[in-house]
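Chains as they are written, first to last, in this note's numbering: chain A, 1 to 293; chain B, 1 to 293; chain C, 1 to 293; chain D, 1 to 293.
Among the clues, some could well be false.
Just so you know, same-sequence chains aren't split out, so a pair can sit in one copy or run between any two.
[Said to hold, decoys possible] Heads up, simulated DMTMM-like pairs for lysine to aspartate or glutamate below, C-alpha to C-alpha not over 25 Å straight-line:
1. Lys219 <-> Asp178
2. Lys20 <-> Glu37
3. Lys219 <-> Glu171
4. Lys219 <-> Glu255
5. Lys219 <-> Glu241
6. Lys20 <-> Asp53
7. Lys219 <-> Asp158
8. Lys219 <-> Asp191
What the hints contain is simulated information worked out from the structure, not anything from laboratory work.
Number of protein chains: 4
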Amino acid sequence: MCRWMAWFGQPVPVEDVLFKTPHGIVDQSLHSRMGAETTNGDGFGLGWYGRGDGPGVYHSVEPAWGDANLRELAAHIESPLFLMHVRAAIGSPVQQTNCHPFRHGNWLFVHNGYVNDFHLLRRDLMLAIAPDQFAAVQGSTDTEVVFNLALTLGLQSDPIAALERTIGLIEATAAEHDVTAPVQGTFGVSDGTSLWAVRYATEGPARSLFASADVDTVKRLHPENPRLQRLGEGDRLIVSEPFADLPGAWQEIPEATAVTVRRGGAMEERPFVPRVQPHVTVTQRDPSAALNA
Amino acid sequence: MCRWMAWFGQPVPVEDVLFKTPHGIVDQSLHSRMGAETTNGDGFGLGWYGRGDGPGVYHSVEPAWGDANLRELAAHIESPLFLMHVRAAIGSPVQQTNCHPFRHGNWLFVHNGYVNDFHLLRRDLMLAIAPDQFAAVQGSTDTEVVFNLALTLGLQSDPIAALERTIGLIEATAAEHDVTAPVQGTFGVSDGTSLWAVRYATEGPARSLFASADVDTVKRLHPENPRLQRLGEGDRLIVSEPFADLPGAWQEIPEATAVTVRRGGAMEERPFVPRVQPHVTVTQRDPSAALNA
Amino acid sequence: MCRWMAWFGQPVPVEDVLFKTPHGIVDQSLHSRMGAETTNGDGFGLGWYGRGDGPGVYHSVEPAWGDANLRELAAHIESPLFLMHVRAAIGSPVQQTNCHPFRHGNWLFVHNGYVNDFHLLRRDLMLAIAPDQFAAVQGSTDTEVVFNLALTLGLQSDPIAALERTIGLIEATAAEHDVTAPVQGTFGVSDGTSLWAVRYATEGPARSLFASADVDTVKRLHPENPRLQRLGEGDRLIVSEPFADLPGAWQEIPEATAVTVRRGGAMEERPFVPRVQPHVTVTQRDPSAALNA
Amino acid sequence: MCRWMAWFGQPVPVEDVLFKTPHGIVDQSLHSRMGAETTNGDGFGLGWYGRGDGPGVYHSVEPAWGDANLRELAAHIESPLFLMHVRAAIGSPVQQTNCHPFRHGNWLFVHNGYVNDFHLLRRDLMLAIAPDQFAAVQGSTDTEVVFNLALTLGLQSDPIAALERTIGLIEATAAEHDVTAPVQGTFGVSDGTSLWAVRYATEGPARSLFASADVDTVKRLHPENPRLQRLGEGDRLIVSEPFADLPGAWQEIPEATAVTVRRGGAMEERPFVPRVQPHVTVTQRDPSAALNA
Chain A
1 MCRWMAWFGQ PVPVEDVLFK TPHGIVDQSL HSRMGAETTN GDGFGLGWYG RGDGPGVYHS
61 VEPAWGDANL RELAAHIESP LFLMHVRAAI GSPVQQTNCH PFRHGNWLFV HNGYVNDFHL
121 LRRDLMLAIA PDQFAAVQGS TDTEVVFNLA LTLGLQSDPI AALERTIGLI EATAAEHDVT
181 APVQGTFGVS DGTSLWAVRY ATEGPARSLF ASADVDTVKR LHPENPRLQR LGEGDRLIVS
241 EPFADLPGAW QEIPEATAVT VRRGGAMEER PFVPRVQPHV TVTQRDPSAA LNA
Chain B
1 MCRWMAWFGQ PVPVEDVLFK TPHGIVDQSL HSRMGAETTN GDGFGLGWYG RGDGPGVYHS
61 VEPAWGDANL RELAAHIESP LFLMHVRAAI GSPVQQTNCH PFRHGNWLFV HNGYVNDFHL
121 LRRDLMLAIA PDQFAAVQGS TDTEVVFNLA LTLGLQSDPI AALERTIGLI EATAAEHDVT
181 APVQGTFGVS DGTSLWAVRY ATEGPARSLF ASADVDTVKR LHPENPRLQR LGEGDRLIVS
241 EPFADLPGAW QEIPEATAVT VRRGGAMEER PFVPRVQPHV TVTQRDPSAA LNA
Chain C
1 MCRWMAWFGQ PVPVEDVLFK TPHGIVDQSL HSRMGAETTN GDGFGLGWYG RGDGPGVYHS
61 VEPAWGDANL RELAAHIESP LFLMHVRAAI GSPVQQTNCH PFRHGNWLFV HNGYVNDFHL
121 LRRDLMLAIA PDQFAAVQGS TDTEVVFNLA LTLGLQSDPI AALERTIGLI EATAAEHDVT
181 APVQGTFGVS DGTSLWAVRY ATEGPARSLF ASADVDTVKR LHPENPRLQR LGEGDRLIVS
241 EPFADLPGAW QEIPEATAVT VRRGGAMEER PFVPRVQPHV TVTQRDPSAA LNA
Chain D
1 MCRWMAWFGQ PVPVEDVLFK TPHGIVDQSL HSRMGAETTN GDGFGLGWYG RGDGPGVYHS
61 VEPAWGDANL RELAAHIESP LFLMHVRAAI GSPVQQTNCH PFRHGNWLFV HNGYVNDFHL
121 LRRDLMLAIA PDQFAAVQGS TDTEVVFNLA LTLGLQSDPI AALERTIGLI EATAAEHDVT
181 APVQGTFGVS DGTSLWAVRY ATEGPARSLF ASADVDTVKR LHPENPRLQR LGEGDRLIVS
241 EPFADLPGAW QEIPEATAVT VRRGGAMEER PFVPRVQPHV TVTQRDPSAA LNA
């Protein structure tokens with residue numbers, strides 16, 4: 001139900017991470033091993049920080065494995081921080097505005113998972129988006145609504161806290177609609193200077209999420225692997241699914257946990273605890289009254 | 001800013017109307033003479049009634065003039081009632097979910113024109129959509145919101161009255177936001193048994209709209225034209241822009257006017273007068289309160 | 001490496017065969033069980049005989065499982081004879097001109113498999129296409145070249161014999177280039193009045209191919225299955241892979257075999273034996289000479 | 001019938017040239033003033049030299065004016081040398097493999113114009129491509145064949161001479177087929193270190209082509225224009241159509257002329273004179289003989 005990855009470290013040609021790894025994310029788009037779906041062929045997106053103001057994004061409705069332009073961009077763009085997402089659509093259309101990463105100013109946002117019975121909750125959740133942010137929603141995914149809620153609830157000041165409020169709001173809204181197990185997934189966020197990731201499910205096990213181990217550890221464990229020997233001090237990967245079976249190279253991020261990666265590779269973990277919002281009253285037109293008028 | 005056409009009459013191969021006319025709508029997609037834009041190359045759509053339940057729709061993000069599949073479908077589909085729309089996007093993305101005709105059950109809906117400053121009104125207008133209809137909005141156009149408002153306000157019982165309520169609601173909402181001249185355009189609606197069209201602008205001249213004249217008149221005026229001599233008793237076309245310069249073959253639909261075309265070709269005109277809706281009070285979450293909690 | 005199917009019998013809504021079967025070809029596009037690849041997501045095509053002159057074709061670069069237009073067409077087109085192909089590209093680009101079925105006049109052509117080392121043989125094979133047919137090649141697949149060779153070698157008079165000559169020519173050309181095991185696959189051909197299918201590999205087992213059993217047999221074996229009870233006398237399916245595990249409902253077409261299905265459902269089998277062509281001499285410009293001039 | 005442009009000079013964000021000019025090439029895709037067609041909406045391509053080995057290319061089948069990814073790339077890619085092409089298809093399909101620039105190793109190639117009656121000449125011209133280069137032809141345009149002929153005839157040693165041989169070969173082939181006025185257009189070529197452009201038509205006026213004037217001249221003529229004041233010493237533009245009406249800023253390249261632009265901005269002009277190739281004899285299979293066998 002989607003796979004994503006983030007690179008944060010020394011500037012590298014994007015293709016080194018996307019294509020030149022044994023089980024990289026483009027390979028995962030066709031042959032995922034750990035995903036809810038083995039095929040993630042319903043479009044994809046790449047967001048990268050580099051030249052120019054803010055991050056660039058490339059969105060495509062084609063499967064990542066066959067997109068000729070992706071190979072071009074990956075070969076000719078170098079970046080110290082980028083996120084790639086491959087999508088397995090569950091209901092919403094395959095269109096560029098439904099492709100991750102979503103962007104707002106300097107911020108990028110990706111998600112693997114879903115809001116359960118989203119069609120029942122969509123209206124209430126969209127109403128909770130800040131009115132002047134409402135028109136920014138261009139597609140029809142749950143993720144874009146989650147992102148705009150998080151922006152409404154303070155993402156740009158404190159990403160983890162804002163996501164805790166956002167998930168809390170979704171869970172409270174779901175309860176009102178008798179929707180169970182509303183939130184499932186992993187989230188990736190960046191502003192170009194730090195990288196945040198969350199693993200959380202309201203019920204049951206959350207989608208998988210991994211971070212690369214300390215570079216020193218990785219190099220010591222795999223002295224024979226020239227690719228790993230090229231890793232620098234502060235390089236860090238966050239992935240839905242490890243790129244290869246390298247014992248000791250990946251650490252699983254625990255359930256209900258948020259991690260923060262700083263430039264230089266330092267990574268902090270903390271518990272992720274959704275928080276609930278209060279209610280208020282507003283006025284709006286009533287369409288059914290109109291019919292009786 | 002878009003062109004559309006509707007055919008209602010004897011079953012004909014769609015290509016006869018789309019491609020085998022001197023200045024048909026596919027030609028208009030590249031060389032419009034009367035449109036606000038000469039090029040309508042930002043996707044298109046065809047909706048037709050024929051075999052199967054309800055209308056079929058074909059949406060494409062390519063320009064109509066170059067879409068190979070459209071030529072195939074037009075050559076192999078026969079229909080007594082179909083609508084074609086070519087789009088010149090003004091701000092919203094080129095994606096299939098933004099292509100007209102929009103559909104709900106047996107209903108098709110097309111629009112040429114715009115809701116002014118739609119981004120300022122979008123939230124309030126979407127809130128006025130019936131809650132259980134809200135999740136049906138998949139794209140980001142003003143037209144899809146207008147259609148879902150009209151469905152909310154009774155389109156399926158009385159299309160013209162519902163559009164009068166819808167335009168009234170949009171104008172009232174615009175007034176609250178200090179948006180001037182909010183509604184501009186022509187609308188086409190069908191349920192497969194009748195065809196309705198509206199020409200209306202809050203201010204200034206509305207986009208052009210024409211109906212073909214009585215078939216007898218057309219034939220008498222152009223005895224030399226074999227295409228026109230093939231027209232049957234009850235054939236009727238509604239178009240943004242006439243297909244060719246044939247004196248007497250087209251009648252302009254007046255400003256602020258709605259027309260109804262019945263099977264058999266009978267066409268009635270009536271004035272189109274927007275009506276306003278009352279207000280009501282509802283309860284929702286307040287995102288700004290959450291930040292202060 | 002592709003899956004295809006053909007329906008020939010009573011006119012049916014295309015969706016009944018494509019979507020309303022437990023393991024139909026659209027499902028196979030995502031989850032093939034018997035294919036060389038489990039995913040066939042690199043575009044697809046539908047060719048059908050019905051209204052209009054000759055067959056219609058719909059080609060799309062999107063995966064079949066997610067293409068909204070395919071669902072529309074399948075629900076609104078009825079046909080007594082249609083072929084559907086889902087593609088797993090092996091090297092050549094994902095573009096509509098590389099999607100099967102290929103068409104020439106009334107003829108449709110599909111292929112599952114490959115010409116080995118096609119890049120080494122492409123020039124010689126294209127030279128063998130009738131000169132006035134050469135410009136019809138619009139894409140870059142091996143299959144389109146095979147089809148145009150078969151047209152050159154008499155497809156329209158005797159499809160099986162023409163394919164025997166075509167495969168013979170490919171095998172002889174391959175031998176000159178030291179290419180081994182040049183031909184692998186199954187082929188489907190129709191002119192709208194009959195349906196032909198071939199299963200053949202130069203070396204080793206050929207790709208799988210099945211025909212539905214006699215309708216009477218199928219009904220007797222599965223009295224509890226309402227779908228199968230609706231089958232008519234002369235209905236026949238040819239498929240790369242059976243739609244469901246129904247004992248006795250499918251018969252495997254043997255290796256190196258061609259089958260002919262006539263209207264009414266009668267099916268004949270015969271051995272498929274490639275035949276070799278003689279050489280001739282022609283004159284052409286020599287580019288290397290030009291450089292020395 | 002297409003528009004193209006090339007920038008060669010100081011590294012600039014691509015968007016500065018593509019989007020931030022009054023009548024830049026993206027605007028020309030919708031509103032060309034001097035082209036044979038006013039609309040160039042049948043796909044486009046960008047080729048740029050920058051990071052990574054060789055040039056990167058981005059090809060899209062959407063109109064340039066509406067392609068969201070192009071805006072992203074243009075804003076985030078910086079390059080000292082890039083070519084952009086917007087296409088008005090005349091017969092061949094709108095697909096990425098038909099989009100310019102075409103690439104071979106370090107070389108990029110664009111064309112505005114056509115080979116007349118290309119379908120009559122295509123086979124003979126493709127036969128003249130070096131056999132080991134033949135399989136590189138992936139699309140169906142005349143331009144890709146011209147490019148591969150030029151590569152066959154020495155493009156990488158002497159681009160102008162190779163194009164003279166190529167056009168000569170096309171004209172000779174056309175004469176054999178009674179095709180008149182075979183070559184029309186302008187060509188752009190680069191290897192990343194120099195830029196070549198040709199303007200030539202066998203008969204009648206050739207498509208328009210312009211070079212920007214000396215930077216000093218441009219600055220002196222337009223002291224009030226801040227954009228022009230930012231131009232550096234060695235910046236040079238070659239364009240199908242000037243970006244704006246700036247007296248003295250553009251110089252027309254004469255008919256039947258080739259120009260070479262070196263790093264640093266120096267530009268040389270020379271006459272462009274097609275040269276003819278001799279004939280040779282080769283052996284191939286004869287398909288018609290096969291039918292008589």
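*Of the hints stated earlier, which fail here?*
Failing hints, ascending: 1, 3, 4, 7 and 8.
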